[in-house]
Amino acid sequence: MHLTVIGTGYVGLVTGTCFAEMGNNVTCVDIDAKKIEGLERGVLPIYEPGLDVLVKRNHSERRLSFSTSLAEAMKQASVLFIAVGTPPGEDGSADLKYVLDVAREIGQHMSAYTIIVDKSTVPVGTAEKVRKAIQVELDRRGVSFDFDVVSNPEFLKEGAAVDDFMRPDRVVIGTESTQARDVLQELYAPFNRNHERVMFMGVRDAEMTKYTANALLATKISFMNEIANLCERMGVDVENVRKGIGSDSRIGYSFIYPGCGYGGSCFPKDVKALIHMAEDFEFEPYILRSVEERNERQKHRLFEKIVARYGEDLSGCTFGLWGLSFKPGTDDIREAPAVILLERLMAAGARVQAYDPVAMESARRELSPAWFDSKQLILAQHQYDALEGVDAMVLVTEWKPFRHPDFNVMRKLMKVARIFDGRNQYDPRQMKQEGFDYIGIGRGNNSLGA
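For what it's worth, numbering that gives the first Met the number 0 labels the leading residue of the sequence shown as 0, then goes sequentially.
These are computed hints drawn from the structure, not numbers from a lab. What you are looking at is a predicted structure, and each value in this text was computed from that prediction instead of being measured. Note that CB positions come from ideal geometry on N, CA and C, so glycine has one too. Treat the hints with care, since some could be wrong.
Computed Cβ-Cβ distance ranges for the label pairs, DEER-style [stated by the list, open to error]:
1. ARG61 - GLU342: 26 to 32 angstroms
2. ILE286 - ARG56: 42 to 48 angstroms
3. LYS33 - ALA369: 38 to 44 angstroms
4. LYS242 - GLU433: 47 to 53 angstroms
5. ARG203 - LYS74: 41 to 47 angstroms
6. GLU36 - GLU185: 39 to 45 angstroms
7. ARG308 - ARG428: 16 to 22 angstroms
Pairs of lysine-lysine, PhoX-like flavour, derived with a Cα cap of 25 angstroms [as the list claims (entries may be wrong)]:
8. LYS96 - LYS128
9. LYS33 - LYS74
10. LYS399 - LYS374
11. LYS128 - LYS55
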């Protein structure tokens, strides 16, 4: 098939590239000319494991092309995927400006039957707004073409997006059109060789499914963090509790790891948007509000533990920070717990030496220049360089190189052998044997504060 994907961020670039990998002809469109120029040269605007190889291969084999012109890209394509950003507004609602801008441009250039697929995470009712925006432009032109607007939400994890797309748990498609259903069934057929993964439902059902999935996963994380904080007060090791409940098949082990909170571009934004949708329908989302509040508080737990040990004035203290991205496998520091911790440490006068395997450029680009200018924040070249002369190491992101480090080297480099473990990566008993003062999250007697 000839496809057009509008937007070359995480969702758009992964979607377009993976469809091309399956033999389709795909044009990825973006209004950012520098981004398109970079993609033509094989320079990706995002870090996603394995994506660069697929982009370069499919581009060289001419199945994947890039353009700044939607009008040109639409000439051959009968299926258009909208994969532009939906940033949160000040009130927490999803901003549909970019989605509707694309819809209007589609209406301005449509010349035959077209299927428009909402791939972006959008509130319930967005497909109807997209349809109206397209129809207004068609009416303004005085032309009439049939078209269908479909909801096909993405379920991609940053750091594993390619694998998620190529081997999906499910493909949710919301449409009432038989024609659109048949086309998308054919498009996704190569992803169903093992067993049927496509699930058809109503458009609004599909839009709601995406938000519900992310909100439920966020709920599991916040619930476990709440339990971890209770465990600290009661002298209980939450890691044993986690294993005990995870063995129950009704609960499972996924998303019940206590830590210093969730971040990224999805969970925080989507929980806020779902709360806003509930308010629009005069429904009080008690659980969702609690999920959001617990997560916001949890992002401050590491700082609270540090203050409990060193006091509120951290002038003269130096901390080695391992991990800046909101999770392993990505360079994304949006809503990252590490950023909240840095803000608190900087304000308290501390000095920080930070290291991340992938997110260093994102940090240089997005963190406060004043922190770098004042030398309060230094980005280390190596994970062990970040520990030289520090009063404590703080682990925020559980990258694989951090899971089994050389504790002998660490102990020699650090001024004080102390670890604040924001992801419970290490065994408190082993840390004691290695000569470290260890503070985790919900580890009973090995946790500070309430």
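Q) That 26 to 32 angstroms hint for ARG61 and GLU342 (C-beta), does it hold up? A) violated (47 angstroms)
Q. Is LYS399 close enough to LYS374, meaning Cα to Cα at most 25 angstroms?
A. violated (28 angstroms)
**Q.** Assessment of proposed distance window 47 to 53 angstroms (beta carbons of LYS242, GLU433)
**A.** violated (23 angstroms)
Q.
Is 38 to 44 angstroms respected by the C-beta to C-beta distance linking LYS33 and ALA369?
A. violated (27 angstroms)
**Q.** Hinted pair LYS96 and LYS128, Cα distance within 25 angstroms
**A.** The hint holds at about 11 angstroms.
Q: Evaluate the given range 39 to 45 angstroms for the C-beta pair formed by GLU36 and GLU185.
A: Given about 33 angstroms between the Cβ atoms, the range is violated.
Q | Given pair status - LYS55, LYS128, alpha carbons within 25 angstroms | A | Roughly 36 angstroms separates the two Cα atoms, so the pair is violated.
**Q.** 42 to 48 angstroms as the expected CB spacing between ARG56 and ILE286, which holds or is violated
**A.** holds (45 angstroms)
Q: Note whether the CB distance of ARG203 and LYS74 lies within 41 to 47 angstroms or breaks it.
A: At roughly 31 angstroms between Cβ atoms, LYS74 and ARG203 fall outside 41 to 47 angstroms, so the hint is violated.
Q. Under the criterion that the straight-line Cα-Cα distance not exceed 25 angstroms, is the pair LYS33, LYS74 satisfied?
A. Holds - the C-alpha atoms of LYS74 and LYS33 are around 23 angstroms apart, at most 25 angstroms.
Q | ARG308 paired with ARG428, Cβ distance criterion 16 to 22 angstroms | A | Given a distance of about 20 angstroms, which is inside 16 to 22 angstroms, the answer is holds.
Going down the numbered hints, you'll see the structure goes against 1, 3, 4, 5, 6, 10 and 11, while the others check out.
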